[in-house]
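Asks: As a plain string of letters, each chain reads:
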Amino acid sequence: MSLLAIKGLSLSIGDTEILHDIDLTMQAGEIVAITGESGSGKSMTALAVMGLLPNGSAPKGAVLLDGTDILQTSEPDLCKMRGNAMGMVFQEPMTALNPVQTIGDQVAETILIHEKTTKPEAHRRAAAMLERVGLKVSPKRYPHELSGGQRQRVVIAMAIALRPKLLIADEPTTALDVTTQARILDLLRDLVREFDMGLLLITHDLAVVADVADHIVVMQMGRVVEAGQTHALLSNMQHPYTKALFEASTHTVQLPVRTDSVRLLYAKHIVRDYPMPRQTLLGPRPQFRALDDVSFHINHSERVGLVGESGCGKSTLTRAILGLEDVQGGEIRLDGEPVFTGKHPNLAVRRKMQVVFQDPYSSFNPRHRVDRLITEPFHLLETPPTGQARADAIAKALTDVGLSPSDASKYIHEFSGGQRQRIAIARALIIEPELIIFDEAVSALDVSVRAQVLDLIADLCRKRPLAYLFISHDLSVVRTVTDRVLVMQAGKIVEQGETETVFTNPQHPYTQTLIAAAPQLPALGMAV
Amino acid sequence: MSRNLIIGTALTLLFIALAAVSFIWTPADIESLDIPNKLQTPNAANLLGTDHFGRDILSMVMMGARTSIAVALVAVGIGMSIGIPLGLLAAARHGSLLDEFIMRGNDLVFAFPSLVIAILITAVFGASAVNAIIAIGIFNIPVFARLTRGAALPLWERDFILAARVCGKSATHISIEHILPNITNLMIVQGTIQFSLGILAEAALSYIGLGAQPPTASWGRMLADAQTLVSIAPHTALVPGFAILLMVLGLNLMGDGLRDWLDPRIRVART
Amino acid sequence: MIRYALGRLTSLIISLIVASIVIFAVIEVIPGDPAAFMLGVNARPDTIAALRAEMGLDQTLITRYLDWVTGLLRGDFGQSWTYKTPVSELIADRIWVSLPLAIYALILSTLIAFPAGIYAASRRGGAGDVTIMGATQLGVAIPNFWFAMILVLIFAINLRWFSAGGFPGWDNPFQAMKSLTLPAIALALPQAAILARVMRSSLLDMLGEDFIRTARAKGLSRRQALWKHAVRNALIPVLTIIGLQFSFLLAGGIIIEQIFFLPGLGRLIFQSISARDLIVVESVVMLLVFTVIMVNFLVDLAYAAVDPRLRTKA
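Protein sequence lines, in the order shown, are assigned to chains A, B and C. The opening position of the first sequence corresponds to residue -12 in the numbering used here, with each subsequent residue numbered one higher. The opening position of the second sequence corresponds to residue 353 in the numbering used here, with each subsequent residue numbered one higher. The opening position of the third sequence corresponds to residue 3 in the numbering used here, with each subsequent residue numbered one higher.
Just so you know, these hints were derived from the structure itself, not from any lab. The structure displayed is predicted, hence computed values, not measured ones. Possibly wrong hints are sitting among the right ones.
[Said to hold, decoys possible] As a list, the in silico DSS-like pairs of lysine-lysine whose alpha-carbon atoms are at most 25 Å apart:
#1 A:Lys339 <-> A:Lys450
#2 C:Lys230 <-> A:Lys106
#3 C:Lys230 <-> A:Lys127
#4 A:Lys152 <-> A:Lys(-6)
#5 A:Lys383 <-> A:Lys339
#6 A:Lys330 <-> B:Lys390
#7 A:Lys397 <-> A:Lys383
#8 C:Lys230 <-> A:Lys103
#9 A:Lys339 <-> B:Lys521
#10 B:Lys521 <-> A:Lys397
#11 A:Lys(-6) <-> A:Lys67
#12 C:Lys180 <-> A:Lys67
#13 A:Lys123 <-> A:Lys106
#14 A:Lys67 <-> A:Lys123
#15 A:Lys127 <-> A:Lys103
#16 A:Lys47 <-> A:Lys67
#17 A:Lys152 <-> A:Lys47
#18 A:Lys255 <-> A:Lys330
#19 A:Lys255 <-> A:Lys450
#20 A:Lys123 <-> A:Lys255
#21 A:Lys106 <-> A:Lys127
[What the hints assert, rightly or not] DEER-style ranges, computed between Cβ atoms:
#22 C:Gly136 <-> B:Leu449: 43 to 49 Å
#23 B:Gly447 <-> A:Pro243: 42 to 48 Å
#24 A:Gln241 <-> B:Leu449: 50 to 56 Å
#25 B:Leu449 <-> C:Gly127: 44 to 50 Å
#26 C:Leu11 <-> A:Leu334: 41 to 47 Å
#27 C:Ala7 <-> A:Glu485: 53 to 59 Å
#28 A:Phe182 <-> C:Leu300: 45 to 51 Å
#29 A:Tyr261 <-> B:His525: 43 to 49 Å
#30 B:Ser384 <-> C:Ala304: 29 to 35 Å
For glycine and all other residues, C-beta sits at the position ideal for the given N, C-alpha and C.
Let the hints inform the model, and build the full structure from the sequences given.
Replies: Structural data, given as structure tokens:
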């Protein structure tokens, strides 16, 4: 008998059909990955297995865990199974834990709910479990004292404390750095082997699937389009959607060759310190060095990548380049002019730079229409265009990014994530800057939409001389869309050079770790 | 348009109408006393009865509505016109000494309930409707300042604010162009709440004699006069009390309805 | 934790100092000549001069302020002009009515509001929730002094369960509490309505949080997740309201005293205002503000006890 057997699962919430006829089987000791883009229904399937569907759901079919049909089991019995026979780990580790309880208490709670044991005994087992998942901090700590990766380990400890038969992990590493992700995936693999557990892994990242999963199930719009043993399926994809997904995940663009080698932006020996809260009542304020002797340059029409993990100083560097904040040492110049003079940013220089941000849902004022949104940079011009000239500029910016001029009169909520990023790019291009900073600009997009935006960026490079700084934690994206790359760690640039060179022959140990940690899609073509 | 909004707006408009009409006409003149006619229960001549001086209670309710609305409205005006800019300023300069200063100032004013402010003011300047307005208004300032700051701070973290800064806009410009329009809904709802609280506060101050002075009619004053008569002529106490209750209830329902209508983010419990 | 407490303590002291300066400025500076103000327009110049000397008005503002503050710290609240007795004596008896009343009302309010708010949130949208929300809408709209009048009408005059007013002193604690009960209920119910709504809203916010989902995935039932995880987190924002509530209860109590003929600070203040006895007003206001600031300080400390994030501010 299979550990998990989903048969003909269909689900509607109200009038909307979310899942249609899902079939899936899984054995103990196996890792099965459900993959697909947003809206595919992967998370709903996972919630159905846990019996945690939202109110108003009407599921049909059967979900059998070791023979017991979850959909027919009463809620009190389900409570007995959750945390005991099956456990679940969710995506956002930062908000997954109760902020006012110690981590030891929260892990012990799983034990105390299901087994008749004493509190000291439960705490002892909880401490052992926290150690087993690789957490080297005291169980008396509170969640806010831990990093994202550490919190995720606590969540895993809570989920497996009673050695469940099935562990479900819904995008467990999406919010984590690449190196942390590698370690968490290793941990999950170890636990599966040691406990002979089944792991149902939900992820949108095909590379992670290829690295980790025995079986893969591809979902699109609430249906399973293809399923099978991972390597067999990836070597011989049948369904067009699977092929499209794979192509988008490994999408590369061809950038036009650049010929310019005149310096555009250069940064020399930048130092940026932040004051930290005082440790003693009257002592000096300690300084945190966010940027430590950073030097680099970008030429006209050059496309430079910046990779690094959270806390390395990427966002600080972005703000320093834009002249939003002053630096404590060194200088930054664009076309020879400093970006920050005296106590003020140099707006004449800022005119030549623009930014595209990560979150398409947070980059626009929800109360303004598109025409007002994309003309905000006109504030930097001495004589902004008005009347017909303004309308022409708006129309051109929108058509350049693949939208239509009539979109100018709509509100931002009428657009999808990918379209919003196009509008963000239109906003960045409208005053024809010489340098654009893409700050994780494609990281929040679905894989297929991401491919389209990368194509757009390549297309824009062909139409006009465009230099950009492309910041991303996704190494495969950086590899395809940049000429040179900078690697940052703890406020320093540890390595820089031609993109291909750095990726194929990394010199610095950190770069080597980073590249080794990034999951790879099999050599069907493009691996990282 | 929820039921709350409809009922609430209807009640509020009713009282505003009563107050407005009172400028032109009331069933009787409240400044003339009619002692022989005192303490009549509701009848054809006096729809809501008469008080201990023979004055028509309906007329007094209408004139009292004027006082309550005027005081509460101006007090909200004071609170908003000073509190909202302060809150925006504090949020724009978050973490600076100015922010600290404004927050401490808020806390300080919160330590003085509006009654205590009224006591301080009336001890020195005497009791009047204007002083009641000032007392209630002063207390409204930190309410709006704190609310504005609290709503503005998360907005400052959003990328579209950073985009505006990249485009060279100053903190003041951003506060007015981007922050303010996004907190308007919250301010409208809070405004109706503070309005209703102002009605209650005005009634309390008039009741103890620190508000509008006779012959200006006020519901609180009516209740004070009725206190000793509550067992022999309960309508003298019940009518003004119900007036206050209904007006405040109407405003609160309208505020709730507005909140749901303007910002329909329905919270769903996870499981 | 120590740093947080010290920070709050510094805040407390600064608030007290600034509050005292404000009160001093309003009472002793704004009227121009406080002595002339107190004695009225018909007073003779030599009476005014005598009072000025007695009040020490010839000294500089700073000296007068410092004298006043040091006097307060010693327990010397000055001499009342109208009663010719030390203000501290006038206050001592009366504060033992006003303060217990406010605390009694606070306890009642919390005891009613918490279960109501939690119940309403846990049965969201159901009949119980709708009823409680309706009741709180009404409760929030009722003027507390009018409610007091109605309570007197029903419970004292008609049913005769309670006396209609008066306070027998603390010699018989049970009788004393009984005489404070109707007033406390009148104060407590409208505040309980507000508190119940805040509790419900805070709890509903918590129930939508991720860590509740984690708790359910561990095997906790809805009820267990509510009580073991949601409620404690929901208390944090509710604590702020309780601090504010105390100041409203203290102020409201002063008004309610009129209806129940309680010998608290209320009557003292209002008579002093009519009599223009600025010295009494000044001291009583300072005392009220001091109490409110102290209670807020205690609430701040309670915060740190409930929310560990405040204890280890990195």
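Asks: Confirm or reject each hint.
Replies: Hint check results:
no. : hint                              : in the structure
1   : A:Lys339 <-> A:Lys450             : holds (18 Å)
2   : C:Lys230 <-> A:Lys106             : holds (16 Å)
3   : C:Lys230 <-> A:Lys127             : holds (18 Å)
4   : A:Lys152 <-> A:Lys(-6)            : holds (19 Å)
5   : A:Lys383 <-> A:Lys339             : holds (19 Å)
6   : A:Lys330 <-> B:Lys390             : violated (76 Å)
7   : A:Lys397 <-> A:Lys383             : holds (16 Å)
8   : C:Lys230 <-> A:Lys103             : holds (18 Å)
9   : A:Lys339 <-> B:Lys521             : holds (16 Å)
10  : B:Lys521 <-> A:Lys397             : holds (24 Å)
11  : A:Lys(-6) <-> A:Lys67             : holds (23 Å)
12  : C:Lys180 <-> A:Lys67              : violated (50 Å)
13  : A:Lys123 <-> A:Lys106             : holds (22 Å)
14  : A:Lys67 <-> A:Lys123              : violated (30 Å)
15  : A:Lys127 <-> A:Lys103             : holds (23 Å)
16  : A:Lys47 <-> A:Lys67               : holds (22 Å)
17  : A:Lys152 <-> A:Lys47              : holds (24 Å)
18  : A:Lys255 <-> A:Lys330             : holds (19 Å)
19  : A:Lys255 <-> A:Lys450             : violated (31 Å)
20  : A:Lys123 <-> A:Lys255             : violated (39 Å)
21  : A:Lys106 <-> A:Lys127             : holds (14 Å)
22  : C:Gly136 <-> B:Leu449: 43 to 49 Å : holds (47 Å)
23  : B:Gly447 <-> A:Pro243: 42 to 48 Å : holds (45 Å)
24  : A:Gln241 <-> B:Leu449: 50 to 56 Å : holds (54 Å)
25  : B:Leu449 <-> C:Gly127: 44 to 50 Å : holds (47 Å)
26  : C:Leu11 <-> A:Leu334: 41 to 47 Å  : holds (46 Å)
27  : C:Ala7 <-> A:Glu485: 53 to 59 Å   : holds (57 Å)
28  : A:Phe182 <-> C:Leu300: 45 to 51 Å : holds (49 Å)
29  : A:Tyr261 <-> B:His525: 43 to 49 Å : violated (26 Å)
30  : B:Ser384 <-> C:Ala304: 29 to 35 Å : violated (57 Å)
Hint compliance for this structure: hints 6, 12, 14, 19, 20, 29 and 30 are not met, and every other hint is.
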